[in-house]
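Listed below, chain by chain, are the residues.
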Amino acid sequence: MVANIVLSEIEYTHVGKRPVRPDGVDKVTGRAQYGPDITLRGLLHGKVLRSPYAHARIKSIDTSQAEAYPGVRAVITAQDLPFASLTREELGAGYQALKFASNHILASGKVLFKGHAVAAVAAANLHVAEEAVKLIKVEYEELRVVISVLDAMEEGATLLHDDLFTSSLGETAKTASNVAAHSRFEIGDVQQGFADADVVVEREFQTASVHQGYIEPQNGTAFWNSDGQLDVWCSTQGAFTVRAALADVLRHPVSKIKVTPMEMGGGFGGKIPIYNEPLAALLSKKSGQPVKVVMNRIEVFEASGPAAGSWIMVKIGATKDGKITACRAELALDAGGFPGSPAASAAMCAFACYDYPNGLIDSYDVVVNKPKTAAYRAPGSPQAAFAVESVVDEICEKLGVDPIEFRLTNASKEGTRRIEGPVYRRIGLVECLEAARSHDHYQTPVDGQPNGKLRGRGVASGFWFNRGFVSSCNVTVNPDGTVGVVTGSVDLCGTKASIAQQTAEVLGIAYEDIKPSVADTDSIGYTFITGGSRTTFATGLAAINASQDIKQRMVERAAAIWEAPVADVEYVDGVIQHKADSELKMTFKELAQRSLTTGGPITAQCNIDPSGEGNSFALHVVDVEVDQETGKVDVVRYTALQDCGKAVHPSYVEGQMQGGAVQGIGWALNEEYFFNDQGQMSNSSFLDYRMPISLDLPMIDTVIVEVANPGHPYGVRGVGESPIVPPLPAVANAVYRATGVRMQTLPITPGKVLEGLWDKNEG
Amino acid sequence: MEWIDFATPKTISEAVELLASKGDRAKIMAGGTDLIVQLRGGRRSLDLVVDGKQIPELNEMSYSAQNGLVLGAAVPCYRLYADATISAAYPGLMDSATLIGGIQIQGRATVGGNICNAAPSGDAIPAVIVLGGVCHIAGPNGTREVATEDFCTGPGRNVLETGEILVSVHIPAPQAHSGASYLRFIPRNEMDIAVAGVGSSVVLDASGQNFVSARISLASVAPIPVFAKEAADSLAGKPVSEAAIQEASEKATAAATPISDMRGTIKQRNHLVGVLTRRTLNNAVQRARGG
Amino acid sequence: MPGPTHVQTTINGEEVDFLCEPRQSLLEVLRDILGMTGTKEGCNDGNCGACTVIFDGRIINSCLVLGVEVQGREVTTIEGLATADGLHPIQTAFLENAALQCGICTPGFIMASKGLLDGEVDADEGRVRHWLAGNLCRCTGYDKIVRAVLDAGQKMK
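In the order they appear, the protein sequences are chains Y, W and U. Read in our numbering, the first sequence has 314 at position 314, and its numbers run on one by one without any break. Read in our numbering, the second sequence has 155 at position 155, and its numbers run on one by one without any break. Read in our numbering, the third sequence has 4 at position 4, and its numbers run on one by one without any break.
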């Protein structure tokens, strides 16, 4: 089933195949233990009291009635966090960071978004906890609400923080602002570039806040033992990140915190920050019992970390031969109540698919009265791509150039320099474009106007950096010849399989003999998050390196058994043999069986912080059908092409492409946070936060373009994030080609399409 | 959820007595797909939930070509469309029953419950109205009947007095040369609350070329489901034509008083009423002609 | 206020007794009282299907059924599908078609699919997508799930 893989040059034994994942049985039988599934003796249930206001001063909190309620074992507020009793002098330069981190977990002084946690209760069961939480009395003084980035950036805007000063180009401002940071990237001379252009298009765009939409809510269970040992179980993308964040905000030593990552029901970046874990920890400390805190769906929407909404201006100039001369962009991304939107990433990704001589990009990280944003799959890149790829589409139309030809003319290649500095190594954007151009989807003419509806085709490209970062791996050869591979990489989407495949490839043994597992923070070396499209690459590399060491140790062990010099022994395809004496030979299993009596188990370990990660470019093609009478947009055909490097497990690579594409389709068509005029979210349920359902979609065709990443022995690139980038502009461009209406705000709801059609027909 | 008691009466009079004794602190539950969500969300507060599903009359689903359909208030949607005879007799009702929530919701949700919940967007209500459904009510003072178009009195409010329950909805047997259709507009393809919904039924003459009568009802465009009498009456006696249907759709739009909210704007909803009225009338005509 | 209610029911073919408060949903009963955590909570208001079980032969959202309502009835959960002899064909099809990534929606999808295929093994793509419209998946984009269900239908013939 390799029909959808192009450019693959090397056939491996295990890498590139589609074995069944090793942990699949537990997931299809319901046995897999996710964060909310854990149960412990004496477990209490926590419930959080949250602000009903988007922006208000907290005047008083009275928890006495809740504390007295039968069944309640503990009540906490921000006063229970260490920050409450630490001074600015004690904390020095770390003051603001700890203040923001602590206040995010439990509000102190002010609430900054509706849903901001104010207090929490632990009780014998959740219903009792819910009843008790209602008895906590909080006095608020409402303040003016700021929701849009443009309003937040205005002169005289209501400030969220009186101690937030814009950091801009190396300087810190003197007066407080809602703009946390301003970054600028520049190359060449954009003024001249636009003067040299034959066509210039400038447009403004806005995107609404959206949520990652994982089906499993955030959760954390904690037990603070009487000796100060804090054990935490949670669904997280990074157990070590949780441990560090807890150590920081609880001022508790890392050595006394153990985090066990449970199976996780989706993350996409949203399950990196901590929310419930510190609450569970403090409630446990106060009550002396384990406490579980699980968000409900309303809380997930209102108080976890959605993706940044944005305002983006893009201006591109090109010659009549289709060569880009200048790129200009201004991007303002909202961070929610505390700084940290992916504004700078958005700036770096914006024109990453193009090779152009003159560019100027300004990006702004802006706080607003919304929940603090978290990462969502290629953070910042989808928003930027929506703007840039829409403008590119408009330029193509004005020049009468095919959209893929235009991108080929200007494509980033090996040696192209991105505006912020890095020079691309071997990348596969051109190969993706060529694959798209010759694909049946692109070659098939768009069906004109079936049954009275309008059809149109859109294309768009997308980019994500992908990361390396630290991974650890322990490999142990069991006495029966199976191999345990322990990592700290939570498995979101099949990485246990891809790591097992890479291990099997190095060792030359059966895939089924590899037993991958994910360990807690006491049992494995530091490992960064499962995110950033890095796990197959970096944790894979750790497994590969450890496995190379295993081979060496097998050779050394056999040499010892045979009393031969190590240099005379070799490891070939899972067999350890003497180079000269053909009688001296053991299979991997045979040597393993003798390991315990010949010196002990054969193990190896690797900690790695690799560079050499490979960027991933994508090109998506989508056909939409628009009902002119209702404005409804249906996706009728979708093809996702992406340079994935070597696809270790093509089925899971396809899964990333399909899943990311569908999230992007939802972002483009129907997903948004509705805020009323008091900044309160009106649609915090899956009923009115409309994610795509199975009936909304066709099959998502995929083409895996394998341009090997030279930074990895098997050519692996990250793949997981790029797929969410092109769908936003691809769908918008398709709607334009179908209707003649250019959508400059997302989502492209039926109401907006109707308004666009009405305006067009009147104008 | 706050504490609730749960009772399982076996007869109508038991249920009525329980409800009368608790007043607005008790409510009868059929499928629970609205009530449980409301209780959990704190939008409704009760001391007692009375299960209607153990009462035989509320579970009745019977049809005859003479007497039409008796649909107990506790009959889940799936029972309707699982019945070939009833499906064939009332395609317009099936339109609604197959789009309330998804398959899981239809395993529990009932048409009777949808009517009693009295949401302006209730997808079963326009279909039942245009089919001439009559609500059969039992209470402390005996039984009474209310035309479905008179049953809802405001968003989430209906004509039921303390202690009264909806026992069943009676839908007349389909007349010859009649057809009905319900369509709603939603942004996805399932699972959404209607932005606007229209149910239409028509009776044609034997030639199939002329309207004898029609009924039109609108969802999500007023505080209660709208019975667009003037729009429907405008078709009576007219030949079936695009112009007649267009006129009816304009009158239906005139009968709508939508608001703008996060699901849609006034302009959009008015426009959709026109579109959906045309489409459902055309469907109903086709069904009336045997198509 | 009175105490909890004693409920007797059949779950996965076995007679089960439990105590629960009327306000506790079947989902809560399964997960918190009976320790059967295979059925998942995604939204608690009937919009995601992660809590799908089979109740008297129909797929339903267990978050919208009260525990007390299953008195004397029959419930099938994900834990009831595999036997000592092996996985159910739907479970095998999901594995073989890589139809799960994080897997949180998987029990709900498998139960929903069983509700379809038990009656219609020849359901086509359109029918499958319509039947599964009440089950949300955020990881897969549904493509491989639909293929798995179509494949399972063939296996079940």
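Hints are computed from structural coordinates only; laboratory data are not their basis. Incorrect hints may appear among the rest.
[Said to hold, decoys possible] Partial list, computed: chain U residues near chain W (C-beta under 10 Å):
| # | residue |
| --- | --- |
| 1 | Gln-8 |
| 2 | Thr-10 |
| 3 | Trp-131 |
[As the list claims (entries may be wrong)] Derived pair list, reagent style DSS-like, types lysine-lysine, alpha-carbon separation capped at 25 Å:
| # | chain 1 | residue 1 | chain 2 | residue 2 |
| --- | --- | --- | --- | --- |
| 4 | Y | Lys-760 | W | Lys-229 |
| 5 | W | Lys-267 | Y | Lys-453 |
| 6 | Y | Lys-752 | W | Lys-238 |
| 7 | Y | Lys-17 | U | Lys-155 |
Just so you know, even glycine gets a beta-carbon here, dropped at the ideal spot from N, CA and C.
### Query
What are the numbers of the hints that this structure violates, sorted from low to high?
Hint check: 1, 2, 4, 6 fail, others pass.
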